[in-house]
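Trainee: Sequence:
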Amino acid sequence: MSIHTADSHDIIRVLGARENNLRSVDVELPKRRLTVFTGVSGSGKSSLVFATIAAESQRMINETYSAFLQGFMPTLARPDVDVLEGLTTAIVVDQERMGSDPRSTVGTATDTGAMLRILFSRLAEPHLGGPKAYSFNVASATGSGVLKKADGTREKAEFSITGGMCVRCEGRGSVSDFDIDALVDRSKSLAEGAITVPGYSMDGWYGRIYAGSGYFDMDKPVKDFSDEEMHRLLRLEPTRIKAEGINVTFEGLIPKIQKSMLAKDVEAMQPHIRAFVERAVVFTTCPDCGGTRLNEGARSSRIGAMNIADVSSMQITDLAEWLRGLDEPSVAPLLKSLQHTLDSFVEIGLGYLSLDRPAGSLSGGEAQRVKMIRHLGSALTDVTYVFDEPTIGLHPHDIQRMNNLLLRLRDKGNTLLVVEHKPETIAIADHVVDLGPGAGSEGGEICFEGSVEGLRASETVTGRHLDDRARLKDAVRPASGVLEVRGATAHNVRGVDVDIPLGLLCVVTGVAGSGKSSLIHGSVSPRDGVVAIDQTAIRGSRRSNPATYTGLLEPIRKAFAKANGVKPALFSPNSDGACPTCKGAGVVYSDLGMMAGVATTCEDCEGKRFQSEVLDYEFGGRNIADVLGMSVATAEEFFGQGEGRIPAAHKILVRLRDVGLGYVTIGQPLTTLSGGERQRLKLAAQMADKAEVYVLDEPTTGLHLADVQNLLGMLDRLVDSGKSVIVIEHHQAVMAHADWIIDLGPGAGHDGGRVVFEGTPTELITDPSTVTGEHLAKYVGKAPSRS
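Residues in the sequence shown are numbered consecutively from 1, following the UniProt record's numbering.
You may find that some hints are simply not true.
Using C-beta positions, here's what the derived DEER-type ranges look like [said to hold, decoys possible]: (1) ARG494 - SER144: 42 to 48 Å; (2) SER260 - THR89: 36 to 42 Å; (3) ASP689 - ASP576: 28 to 34 Å; (4) LEU407 - LEU76: 40 to 46 Å; (5) LEU407 - ILE61: 34 to 40 Å.
Computed cross-link-like contacts, DSBU-like style, restricted to lysine-lysine with a CA-CA straight-line distance of at most 35 Å [said to hold, decoys possible]: (6) LYS562 - LYS583; (7) LYS242 - LYS256; (8) LYS778 - LYS412; (9) LYS690 - LYS562; (10) LYS31 - LYS371; (11) LYS558 - LYS723; (12) LYS336 - LYS412; (13) LYS156 - LYS259; (14) LYS562 - LYS651; (15) LYS259 - LYS220; (16) LYS567 - LYS651; (17) LYS583 - LYS256; (18) LYS723 - LYS778; (19) LYS473 - LYS412; (20) LYS371 - LYS778; (21) LYS473 - LYS132; (22) LYS132 - LYS188.
Hints in this document: simulated from the structure, not taken from any laboratory. Just so you know, even glycine gets a beta-carbon here, dropped at the ideal spot from N, CA and C.
Given the sequences, and given the hints that come with them, work out the whole structure.
Mentor: This is how it looks when you write it as structure tokens:
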């Protein structure tokens, strides 16, 4: 393609971009415009937008800081690109979850919590002092210290901090009770391994500390311990002791577990740790603060009848109305700013949240929209905002509002780069860049640049499918039975009774926050015979990949071993065959002292992860590194025929292809997969299970228009094989293809939580009372009749 000379004030110029699968891409992007990047999954959109443009902008900003400050920042390698000109500050608004710290809430993660604390410190009675008095993350304390005065002299000074933290639960809102028998096997001695907490082995350092402490008879069964010994074993606070001549800290099991394991949200734990915590620890609402996290002083200070815990637990739509009732000139600017932020929550479709909602419980789409709020009121202009599918998790009713927000950011003089699949958002683009033509090694090229109308007229995959509309099925499947739900009350679901039909494709719909996930994951997913597959991160290290996760590597290793007369462990980068220099990681980590560490490709194995002699062994003319570098589609062909035929491997690869992952490399680290890719990988791995019911949560996430039909075909095959499929989904093509629809609403939060429709898609589009029916009718070209 040709590159036109233009003023760098008006364009971002990219020449020779080669990150991941990009094939020396050249492109010019207009500044202060909204550019949407389209293309099938794996075509190179994220490689261009995130890994090249945004990454280089952030790297250049980091380089402006001092070496000392850079030591606290991640080291960013320069993207593989020849020229990048015209960059401005890039702000990435992605779908990454907002951390798992249980102390983090929607209020603390945004400015709203801080502004609310200031408001209470000014207006609440009785007056407690500063904003910290209303913070559950600040403890009250008194003490003394040395104060350095302006003239350089020092003097002793007393200090007092008034914080709002509940002493009993330390600001967590819940207290933990431990099942002692899940911590220790009382029939055994410590030397015999009585401690059953993960990581506590008496063969290593822990054993030396316990034996050297002098606190215990290591050979006495725990059931024979005295009260003092049990106290030391379970509850002793950190105490300095000398073990084997070394000064160390000894701590009881319970305070140790509270600090090391319970400091994170349960969902963020590794599977074996989470299983232990769920078995050993019972969380109950703190009896002192009633779950508010705040001490009595903070709870007793009120504005009118409301304390800060009361207003933090309000639905944001209600909180915004309560705030409008406050008329106090002394804090008018603060009220105006807080009101604007709360109204932004409502405008962006998050009015159903509350400020005390744990930040880690937000979905990827919710987290992205919360991050977006902080930019709506920003005075910055000429910033490059980078969005990753901002319509994820949004009902068609809400997509228009998201589009308006994107246009507002653009109209302030900013550049917007948006990776997106939804035609409703592609339609508002000033400029479109379509990548492809395929995925993985078959993608990485610019297929089209120009206007939306030009894309529609083009012969690219995106252009051909831009106006695709699924039609209603001629006939729907009959139900083979029902799964009864009675009195469901999770979150905002209001005592719902509903029969979910089995033996067909049932789609659960409703606006964001209407209670779809609460109903299904709360009342259906936990049942026997049900497999629920979501988009959360797959537990595992950077060493895990689709081949290891699905069990695909096992038959491949055995085939390599049999063909070469050696043991299978040689063909695992995590076992005997690993490169000794990088230990099978493919990269070597260098510690640069005060500077952040750097990962460089291992020079010995050149990133292939295996010992050189292992790569001499071949199967079907390929070595194991060649195989792990194959895409699913290539591997399916390779292992399905000829001398490379491995039926067990081919069967798994067919499932991976069927879920739309044909472009993914089988040795690709799991940490690089998107939420939608993770869900489809989990589905492929569990399709061979004996599950009777599959629950999928927005499986179209990250799917190109052309791939949605493939997904529908796969869901049909699952149902036709005798399975029941329940899909929580906003995509109208999936709704139209359903046999049965259950619609929740009518709104979000306390305005939702009820079943507003049950029936077939044909019946839904004739119902003028539901938002979902109205949008589905427009989608299939049949407006509902109104009386």
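Trainee: What are the numbers of the hints the structure violates, in ascending order?
Mentor: 1, 4, 5, 19, 21, 22
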